[in-house]
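**Q** So you can see what is in the structure, the chains are spelled out below.
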Amino acid sequence: MNFDIFASTFMPLLAAFGTTIALTIFGFTFGQILGLPVGIALSSNSTIAKTLARIYTFVWRGTPLLVQLLIIYYGLPRLTFLKGTVIWPFLIAPLVCATIGIALNSAAYTGALVGGGIQRVAAGQREAAQTLGFSKWQTLRYIILPQAYRSIFPAIGNEFILVMKASTLASAIAVMDVTGAARSIVAQTYAPFQVFAVAGLLYFVFGSIAGQVFRFLEARRLGPIGPGAASAS
Amino acid sequence: MVDILKYAPLLADGALVTVKVSVTSLVIGTGLGVAAAIAAVSNNIWLKRLVGAYAGIVRSFPELLIIFVLFYGGTVALSRLFGGHVEISAFWAGSAALSIVFGAYASEIFRGAISSIPRGQFEAAQILGLSKAQLWKSILLPQVAYRALPGIGNQWLILLKDSSLVSIVGIEDVMRSAAVAGNATRSPLTFYLVAAAIYLVITAISVLSIALLERSVKARFV
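Residue numbers (my numbering), protein chains in the order written: chain Z, 160 to 392; chain F, 620 to 841.
Simulated from the structure, these hints should not be mistaken for laboratory data.
A hint or two may mislead.
[Claimed, not checked] Here are some chain Z residues the structure puts well away from chain F; computed CB gaps all over 12 Å:
#	residue
1	S203
2	S205
3	T206
4	A288
5	L299
6	Y362
7	F363
8	F375
[Unchecked claim] DSBU-like, lysine-lysine: derived pairs with alpha carbons at most 30 Å apart:
#	chain 1	residue 1	chain 2	residue 2
9	F	K751	F	K837
10	F	K837	F	K756
11	F	K639	Z	K324
12	F	K625	F	K639
13	F	K756	F	K667
14	Z	K324	F	K667
Note that the Cβ used here is the ideal one computed from N, Cα and C, for glycine as well.
Looking at chain Z on its own, in the form it has when it is part of the complex (with noise of 0.2 Å):
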């Protein structure tokens, strides 16, 4: 085994790092965010928006990232109106793409995740709010959504790392993270067993320290939930 390869593959893998996390801070980021209103929409009383939101989770659910990410890489330079215009060169970006499908492919999973958690709130809460005088927002607000975002916060962190590990399905469509560059170095030095060891700890690490990052935010920011979590807050 060739020891200094270590060395030499580790310098041109922490400079993909960078684009590993920025893909899964982003995507991560923007899945949440579109994942809320797929989230809301599972669970709401309007036929057309629960169907709308059934059909995107299963088609997002139900098919690969891969395909996923190969479809939006090939198919948004098909939108040729909007060449020319600001967004264009964002769009047929590989990074640009990756973040759209890891995002557009978490808000699916979120999407079941929340509306899950917004299910479980128990009824009489949301009943408690109207009688209090709570317009239906205000119950979403105030009452429904803290609640639901408790009880499936660990999930969420789970969503982060999962997040992570789909990222590295950005190098199929030539983006240069950790997994891309990995490959890469394999195809010159043929040491695939250092350099891929190299790749795993900076996953490992990243994945890791993201874990901490979620179990103290969750000590922290959320108290305890159930009877008595309002006097222990």
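Got chain Z sorted already, so can you dock chain F onto it with the hints?
**A** Quick look at chain F alone, frame taken from chain Z:
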């Protein structure tokens, strides 16, 4: 439209390979998962640590990286072993990677299913004089299978989609077929949409089958 019909046999072959890779990984991965779960509930502390490390480590690495390690690493290892360039079969490297990943998640599901069985059943079996093998075969496994079914069904749906990753190392699954047809006709978008539709159909069939299976198992055991 004509293009799609022309490439329909290629896509059908690809779909078959997708199912083949997925089913192979399901079978091997379930075996791994059951073995790891039994080790996890055993009294051997080292065995427990070993399977704990297996499940923990595998689940914290991206699936694509595991596929790459087995494919490129397998080729290098085989070449060293036999001298000269020996390329590992992409099918087996891909299936092995997916099996290892599936096994890691399945072990957690089976472990949960085993530990949800009330303690009294173990004691009752001992009092009735059942051997350890009899206890597992006629008392525990049917119940474990029933309790693990929803989790394993879920994991199967994930496996099915993860199987698309093996196309990156050159297995001719439905993704690869779509890429080939898309390149040849210069309309990749069309063929990737067809591939997505094929995955959606396989997923829908799987969801229905799992629901039927759950119902029939429930009728028989509960």
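**Q** A separate judgement is required for each hint: does it hold in the structure or not?
**A** Hints versus structure:
no.: 1; hint: S203; result: holds (23 Å)
no.: 2; hint: S205; result: holds (25 Å)
no.: 3; hint: T206; result: holds (21 Å)
no.: 4; hint: A288; result: holds (34 Å)
no.: 5; hint: L299; result: holds (29 Å)
no.: 6; hint: Y362; result: violated (6 Å)
no.: 7; hint: F363; result: violated (6 Å)
no.: 8; hint: F375; result: holds (18 Å)
no.: 9; hint: F:K751 - F:K837; result: holds (25 Å)
no.: 10; hint: F:K837 - F:K756; result: holds (18 Å)
no.: 11; hint: F:K639 - Z:K324; result: holds (24 Å)
no.: 12; hint: F:K625 - F:K639; result: holds (23 Å)
no.: 13; hint: F:K756 - F:K667; result: holds (22 Å)
no.: 14; hint: Z:K324 - F:K667; result: holds (26 Å)
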